[in-house]
Each structure stands twice: as C-alpha cells, then as structure tokens.
Amino acid sequence: MTRADKVLIAAVLLCALLGLLTIYRHFFISSDQPFPKQATITVDGKVLRTIDLDPVAGNEMIQITGRLGPATVEVAGGRIRMREANCPEQICVKQGWIQAPGSTIVCLPGEIIIHIEGPAPVDAVTR
Amino acid sequence: MTRRGQILLIIGLGLLVVGVTVFLSERRIKEYRSEQFLMDTLVSIKVYGDDAATLPAAVAAAYGEMHRIAALVDRFPAAGTEDCRRSDVCRINEMAGIGPVRVDADTLAMLLLAKKYHDLSDGAFDVTIGPVMDLWDFAGDHPKVPASQSIVDTLPLVDIESLVVNAVESSVYLRKVGMKLDLGALAKGYATEKALQALVRQGIKKALIDAGGNIRVLGSNARNAPWRIGIKDPRKADALVAIVALEDAAAVTSGDYYRYFEAGGKRYHHILDPRSGYPASENMSMTVLCPDAGLADLLSTAFFVMKVEEALPLAERLGVNLVMVNAEGRIFHTSGLAAHLEVLPGGAYRYDPR
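Protein chains in written order, with the numbering used here: chain A, 1 to 127; chain B, 1 to 354.
Hints in this document: simulated from the structure, not taken from any laboratory.
Treat the hints with caution; some may be incorrect.
Capping the alpha-carbon separation at 25 Å, the derived lysine to any residue pairs in SDA-like fashion look like this [stated by the list, open to error]:
(1) K266/B <-> E89/A
(2) K194/B <-> R175/B
(3) K115/B <-> C84/B
(4) K94/A <-> K115/B
(5) K144/B <-> N86/A
(6) K236/B <-> A76/A
Calculated from the model, a selection of chain A residues having no Cβ within reach of chain B, i.e. all distances over 12 Å [said to hold, decoys possible]:
(7) Q38
(8) D44
(9) L48
(10) T50
(11) I62
(12) T65
(13) G69
(14) P70
(15) T72
(16) P121
On a predicted model such as this, the values are computed, not experimentally measured, just so you know.
Beta carbons are placed, not taken as given, at the ideal position from N, Cα and C, and that holds for glycine.
Using the sequences and the hints given, assemble the complete structure.
Shown next, in the form of structure tokens:
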C-alpha cells in the first residue's frame with residue numbers, strides 16, 4: 001500500500017464519519033427525549049416545576065399557588081393528577097390521573113397547566 | 001489523472017456531500033408554538049415555516065382575530081359597561097324586545113350560519129338558548145337543576161324565528177323581551193377558523209390550532225404526513241377511542257363529560273336540547289370533521305342532541321364526517337371516514353365496522 005492509498009482511505013473514512021455525525025444530529029438529537037418521563041407544572045405561563053414521573057417512587061404532594069389560590073398536585077406510580085384545586089368547577093380534579101406523554105391537565109381559572117413531556121402518539125386530541 | 005489528483009477529487013466529493021447534508025439539515029422546517037388562555041379555554045397555536053423570524057408575528061395575528069371574535073360574542077359583561085358596548089351579543093340581548101342593533105360582519109355571519117343550521121337540523125341547534133342556559137347556571141359557580149315549571153315557562157323565549165337578522169342593514173333584533181343569544185356552541189370554532197385565515201394571510205402553510213380541543217389543521221404535519229388527531233374517550237381520562245388522519249380540516253367534539261355536575265346521582269351536562277330545555281341524553285361524545293372549524297363546532301353541538309339514526313344521515317347529506325359514541329357506548333361514524341379512521345381496541349365501547 002502506498003502512502004497515497006493510506007491518505008485516500010483516511011480521507012474517505014473522515015468524510016464518512018462526518019456524514020454519519022451529520023445524519024445522527026439530524027435525526028436523533030432533536031428527538032432525544034428525557035428519561036424517565038417528565039411532567040411540567042406551569043402557572044400563569046411560567047414553568048414552576050419539572051418532575052420525573054418515576055414509576056417506582058412513592059407518592060409526592062406538590063403544593064402550588066394558582067391564580068385562585070392553593071392547589072395540590074399528586075405524583076405517584078408514574079402518574080400525576082390535580083388532587084385539590086381552589087376552583088369552582090373542579091374540572092381539573094375530576095379529570096383524574098394522567099400518565100401518557102402528550103397528556104395535559106388544565107385548570108382554566110387557576111391558569112395551571114400540567115403537561116407530560118415526550119412524543120405523543122397523536123398531534124392533538126379533540127375533546 | 002495522477003494519484004494525488006484522485007485523492008483531491010475524492011476529498012472534494014466527500015466534503016461536498018457533507019456540506020449539502022449539513023445545509024439541508026439546517027434548512028429543516030422551523031416550529032413556533034404559543035399558548036394563551038382565551039374564550040374560557042386554553043388555546044394553543046403551532047406553526048411551521050422555513051423562516052423562523054416570521055412565525056411569531058403570524059401567531060400574534062391569529063390570536064388577535066380570536067380576541068376580536070371573543071369580544072364580539074361575550075354575553076356576560078354587565079349592562080352599560082365598556083365590555084358590553086364592544087360585544088354585539090351583549091348589546092343585542094340588552095335591546096331584546098326594544099329594537100335592532102347594528103353588528104359586525106362576523107356576528108352577522110355567525111347568526112346566519114346559526115339560522116341556516118337550525119332549520120337543517122329540525123331545531124336541534126338554537127342560539128337563542130340563552131334564557132334556559134341561565135336557569136341551569138352552567139356558566140356560574142353553582143349550577144343546579146331548575147324547577148321543571150321554570151323551564152316550561154322559559155322555553156317560549158328559545159325561539160330562533162324571533163331572531164331577526166337583516167343582512168342588508170347589518171342589524172339584528174330579538175323580538176321578545178327576555179330573549180338572549182348564546183353563541184357558545186359556535187363562537188370558539190368560528191374564532192378558530194378566523195385565526196387560521198389570519199395565519200394563511202401571513203403566508204403560513206402548516207399549522208395546528210387547538211382551542212380547548214377544537215382542532216383546526218392547515219396543510220400536513222411537520223413530517224409531511226396527515227396530522228394524527230386523537231378522539232378522547234368520553235369516560236376514561238387520558239384515553240382515546242380513535243385516531244383520525246386530518247389535513248386542511250377541523251375536528252371538533254361535543255361531549256357530556258367536560259362541563260357537568262351531579263345531583264341526586266344523575267349527571268347533568270351543559271349541552272341542552274333546545275326543544276326540551278334539558279341536557280341531551282342520546283350521546284356521550286360527538287366529533288365532527290369538516291373543512292370549516294366554525295361549522296364543525298356548530299354541527300358537533302347539533303348532532304350531539306340527535307339520535308344516531310338522525311345524525312348519521314344528516315351528516316352524509318351535508319357532506320361532513322362524524323364519529324360518535326352514543327349513550328349505549330356504541331361507536332358510529334360516517335362511511336367516508338373509514339379510510340382515515342383508526343378505532344382503538346381495548347376500549348369499553350362496541351364498534352361494528354360496516
């Protein structure tokens with residue numbers, strides 16, 4: 001093998017590596033999802049907390065304050081729910097537990113959003 | 001060609017390939033999303049385009065349209081306030097039995113739509129439901145079952161024939177004192193459609209508007225495939241009954257599970273049959289799919305109060321699609337949807353594909 005052959009092989013390998021890196025960046029980095037599953041609690045447009053939804057962790061009660069006063073978010077067994085909220089219709093409390101990526105609990109009067117991050121099986125849900 | 005030349009050529013080609021790949025990946029479509037509390041719900045707008053800088057302005061224009069429509073149809077500002085003067089519905093209701101009121105072109109369009117589909121649905125849809133809605137107080141903090149006599153006494157005020165819409169003069173008049181418009185069953189969808197039109201005017205070609213579950217999509221999704229829209233399970237939180245593939249169309253659902261209260265072990269939800277004054281009991285969930293979000297919103301309410309044997313033929317006749325779960329837990333849909341609908345297994349509902 002001549003010196004030129006070695007240079008040729010190195011150059012081809014380098015180009016292939018760069019190509020692979022680009023392809024990896026293109027297809028994988030942007031869709032990389034945090035693990036374990038995470039939920040965010042947003043109040044009045046600001047993310048208050050991000051919680052790991054660890055399926056084996058014990059119950060956790062999170063006290064937050066929405067526009068209408070205190071609310072309690074419960075996390076247990078990889079699921080999350082609005083346990084108590086100071087709002088008239090209690091729609092968010094009645095909704096119960098959510099656990100699927102893309103699921104959302106909204107308390108309208110309290111302006112509280114609980115959202116489970118991750119690739120949802122659908123783009124949106126009509127309800 | 002010398003060996004050195006060949007090497008340079010190969011290196012050059014390699015760099016070219018890498019360069020083009022990087023360039024294409026950088027040109028990947030950009031996403032911008034924003035959420036606002038609006039029209040008693042959470043509205044989320046997602047738009048896609050090549051030029052990230054233009055996306056926020058387009059979304060702002062869309063929200064602007066929604067705020068404008070919301071102000072026009074707001075029915076609860078106190079009489080005489082600035083909010084009431086800005087609301088066509090508030091002024092029309094104030095002037096019931098007194099005289100006509102000049103209204104915005106969009107209010108006129110909504111009321112003409114409402115009258116048309118009242119007739120086509122045999123009265124299953126009526127925007128003059130306001131006085132009976134108020135008896136139930138669904139909009140208030142303590143909804144309750146009204147005395148049956150008060151419903152009987154109030155039903156004569158639910159009378160769309162006494163809603164006079166004059167398109168030439170852009171004026172609207174409720175003939176009877178005490179009549180009240182309530183555009184809650186179509187305003188959100190109509191506003192969603194106006195928001196989408198604003199996005200189109202701003203050059204947007206791909207978007208998804210989710211107005212509290214009223215969905216309107218523009219074009220295909222970011223992967224250039226039809227948008228996948230889930231239809232909520234009417235009884236189980238977090239679950240879907242079906243997934244529908246949607247492009248350039250709206251999907252709006254009316255359900256008995258969203259706004260309701262329980263009294264004496266019975267569930268009372270907020271979609272009233274305008275002919276009886278009581279919550280409609282035929283269905284758990286009614287999803288309408290058609291190109292216009294305003295019409296989808298209106299028809300989801302109209303079909304919701306109808307039996308399956310009335311709703312399905314009417315949908316076919318009007319050229320719109322529907323997916324419904326009736327009160328017995330059976331799933332039905334229009335025939336045109338078969339190729340675009342995936343009914344999910346494992347639910348508590350019965351589905352016999354035909």
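Quick one: work out the minimum CB distance from P70/A to chain B and report holds if it exceeds 12 Å, violated otherwise.
-> At about 18 Å from chain B, P70/A clears the 12 Å cut-off, so the statement holds.
Does I62/A really sit off the interface, with its C-beta more than 12 Å from all C-beta atoms of chain B?
-> About 19 Å separates I62/A from the closest Cβ of chain B, which puts it past 12 Å; holds.
Can the restraint linking K194/B and R175/B be considered satisfied, given a maximum Cα separation of 25 Å?
-> 29 Å, violated
Is the Cβ of Q38/A farther than 12 Å from every Cβ of chain B?
-> 16 Å, holds
Far enough from chain B: is every CB of that chain over 12 Å from the CB of T72/A?
-> 17 Å, holds
Determine whether the non-interface label on T65/A survives the test: each CB of chain B must be over 12 Å from its CB.
-> 17 Å, holds
Is it true that the CA of K236/B sits at most 25 Å from the CA of A76/A?
-> 18 Å, holds
D44/A clear of chain B by more than 12 Å, beta carbon to beta carbon?
-> 9 Å, violated
Does E89/A lie within 25 Å of K266/B when you go C-alpha to C-alpha?
-> 17 Å, holds
No chain B beta carbon within 12 Å of P121/A's | The claim breaks: P121/A does not keep its Cβ more than 12 Å from every Cβ of chain B (closest is about 7 Å).
Taking only the CA atoms, is the gap from K144/B to N86/A under or equal to 25 Å?
-> At roughly 20 Å apart (the allowed maximum being 25 Å), N86/A and K144/B satisfy the hint.
Measuring Cβ to Cβ, find out whether L48/A lies farther than 12 Å from everything in chain B.
-> 15 Å, holds
The structure does not agree with the numbered hints 2, 4, 8 and 16 stated previously, though it agrees with the rest.
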